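K.L.:
Between the sequences and the hints, there should be enough to build the whole structure, so can you do that?
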Amino acid sequence: MKQNKHDRILLAHGGGGKLSDELIRKYILPRFKNPALEKLPDAATLNLDSNTLAFTTDSYVVKPLFFNGGDIGKLAVCGTINDLAVAGAKPVALSLSLIIEEGLEFSVLERILDSIARAADDNDVAIVTGDTKTVEAGAAEKIFINTAGIGTRIEGVTLGFDKIAPGDKIILSGTIGDHGMTVISQRKDIRFQTQLKSDCAALASLTGELLDKTAGVKFMRDPTRGGLAATLNEISKQTRLTVQISEADIPVNPTVRAAADMLGFDVLNIANEGKFVAVVSPDCADDCLNICRNHPLGKQAALIGQITETTDLPLVEMATKIGGKRIVQMPYGRELPRIC
Amino acid sequence: MLERIYKAQQLMDAACKTLGRQINIMEVCGTHTVAIFRNGIRTTLPKAIKLLSGPGCPVCVTDQGYIDIVLDLAQRDDCIIATYGDMIRVPGSNGSLETKRSAADVRVMLSSTDALQLAKDNPDKTVVFVAVGFETTAPATAVVIKEAAEEKRENFCILSGHKLVVPAMRALLAEKNDKIDAFLCPGHVSVIIGYGAFNEIVNDFSRPCVVAGFEPMQIIEGLAEICRQLSQGKAELKSIYTAAVTEEGNTTAQQLIAECFEPADGCWRGLGRIKKSTLKLKDKFSRFDALKRFNITETPVEDTTGCRCGEVLCGLIDPPQCALFGSACVPETPVGPCMVSSEGACAAWFKYGRKKQR
Ligand code: SF4
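Protein chains in written order, with numbering that gives the first Met the number 0: chain A, 0 to 339; chain B, 0 to 357.
Some clues are possibly wrong.
Straight line, CA to CA, 30 Å or less: simulated DSS-like cross-link-like pairs of lysine-lysine [claimed, not checked]: (1) K237/B <-> K320/A; (2) K6/B <-> K324/A; (3) K175/B <-> K237/B; (4) K151/B <-> K187/A; (5) K237/B <-> K324/A; (6) K124/B <-> K187/A; (7) K324/A <-> K46/B; (8) K320/A <-> K151/B; (9) K62/A <-> K187/A; (10) K187/A <-> K145/B.
Here are the simulated distance ranges between beta carbons [as the list claims (entries may be wrong)]: (11) A322/B <-> T56/A: 43 to 51 Å; (12) S285/B <-> E104/A: 26 to 34 Å; (13) D264/B <-> R224/A: 25 to 33 Å; (14) K124/B <-> G14/A: 32 to 40 Å; (15) T309/A <-> D123/B: 57 to 65 Å; (16) T56/A <-> K124/B: 35 to 43 Å.
Listed next, the stretches of chain A that the computed footprint assigns to chain B, with coverage defined by at least 3 CB atoms under 8 Å from CB atoms of chain B [what the hints assert, rightly or not]: (17) 257 to 266; (18) 315 to 325.
Think of the hints as simulated: they come from the structure by calculation, not from any bench.
As the structure is a computational prediction, the values presented were derived from the model and not from experiment.
Where a beta carbon is used, it is the ideal one built from N, C-alpha and C, also for glycine.
P.N.:
Dropping the structure here:
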């Protein structure tokens, strides 16, 4: 069967010639209209209103490309925005690099590009530079995306592990495990997959408000890979302080809990894409919580624990729902589903 | 919930007082082990109650000889090894499937059906399904064996490592550890075999057997029920997992097992050779038996790593008593299967208990 060359990505779409040009002019540029990008310079020139910048990059690989609540495009925008947001910055501009596997349908690419454009628009960040490459069939998982992001630091804000002190409170912006369990369930075709939805979202508006309105935020992190367990362990390791949390206070969507139980996963280890953990000074914890709860992305925010001094090995300790205690370890690598 | 916990705790406290000695309760099933640790249940129990983790994690009880056969098969160019996730990290005498993975074709499966599909998709290779697990996974293996037979799928076979729970409990009490006072019986297995299957343990050994689910409340109330019986000098069979377990179990699943398999003597890690404790394919399906297909004879292999999983599984030692625990043996570089499996006792102690410091 003779294939219409415009149905699918060909290797030549990354070759720098006519087809590359067509790919960029026809599919990419119209979606990301902004002055920095339009002239296709080799590098974008930006005028920023601060000289303290935050700069980050992340690559996105996800299977399936489309999942309930998002897709790789939305993820690539929100993920990088979130990295800037939790660093205490206001996201301004992103770069966008696509590595596309030969044979990817244009219709799929367009859906992803639309989603990228929507996410960038919604969050008021511009895609100012980019690149596309194509690789042979089998050399990629349909599409890989890299985004780098620049943000300007919100005035008067410095966040860091070194600010954290015993007595500080830990706030979680909402339920955990939603993204990871959605993707895993969809991949494994588990029956309640339709009831699960990724939390994929850009947090900058919420973190921005939090930093504007209170002065007590000391540290923020988005618990993506490795989940809440990894983030809390990182805090404990870097500060050499103990992190105490209470299981009963950690919001978990019941379907997420059921899916995790079924596969033998610990929800604390499951990835999130639209949540953050904030360590805040005790006197402003209530304010922070109220600000979060009044924002659409933080309705289920909760105070989940505190930082304490220790003479022993610093750990993450959790009081369980039934009144017991256990340690929350740094997850190691991939979680494997249990056998029976 | 808290009221029920309080009540159960009072019962346990009273029982401990009456008995005035240590009470050893074995949870047979790995899923219970994990649930107990994840919920911090040990930290809520009276000091006199000691929980022992039993031979109920399918990966942990698989003996070294079996793992070595899998590793040998993985070396063959004409084979694809299809296995459940945890198995790939279990160290054999020489490496694990994971370390061999770049050279060998090893695929991680979520179900036996996926393994059969793999055979369909790869007609020029023989797919060897590493069939481990208790009565819970055996029916699923039986289903694909029947399907393979119907479809005459000759490039598919299994290496049966399926095991039966009750014979292991008998062997444990009779030969290895008579200090076990009672069993918290496995939930998933009981769904299949029915709680009636544990009657022989109660009758022949006078040990309380209580079947419980995996919710922390179920486990706590199961333990309380055991304490009640012990303090009253009784040994009874009881299931509090009424939502899922019946006395006779899932007879359809039992029939499936009976159709394809027969009980055979077999080796367990730590427990040695136990009569009629494993499932072997029946003669009419023997062409799907990897041992026959590749002319392999099982030979017992000595574990020389210093791993004490065998003793852990029998409830003879707690993982931290193994010299390698937390030093040479950690989840990233496991020495024995109990540290590999997410359901293994060593992994649970390490992950959720206060770890021995490095
Ligand atoms: S700690 Fe490691 S080596 Fe020791 S018994 Fe457990 S698995 Fe074996």
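K.L.:
Against each hint, give a clear statement of whether it holds in the structure.
P.N.:
Now the hints, each set against the structure:
no.	hint	verdict
1	K237/B <-> K320/A	holds (26 Å)
2	K6/B <-> K324/A	holds (19 Å)
3	K175/B <-> K237/B	holds (25 Å)
4	K151/B <-> K187/A	holds (27 Å)
5	K237/B <-> K324/A	holds (28 Å)
6	K124/B <-> K187/A	holds (25 Å)
7	K324/A <-> K46/B	holds (15 Å)
8	K320/A <-> K151/B	violated (52 Å)
9	K62/A <-> K187/A	holds (11 Å)
10	K187/A <-> K145/B	holds (24 Å)
11	A322/B <-> T56/A: 43 to 51 Å	holds (45 Å)
12	S285/B <-> E104/A: 26 to 34 Å	violated (47 Å)
13	D264/B <-> R224/A: 25 to 33 Å	violated (46 Å)
14	K124/B <-> G14/A: 32 to 40 Å	holds (37 Å)
15	T309/A <-> D123/B: 57 to 65 Å	holds (59 Å)
16	T56/A <-> K124/B: 35 to 43 Å	holds (41 Å)
17	257 to 266	holds (count 3)
18	315 to 325	holds (count 9)
Taken one by one, the earlier hints fail for this structure at numbers 8, 12 and 13, listed in ascending order.
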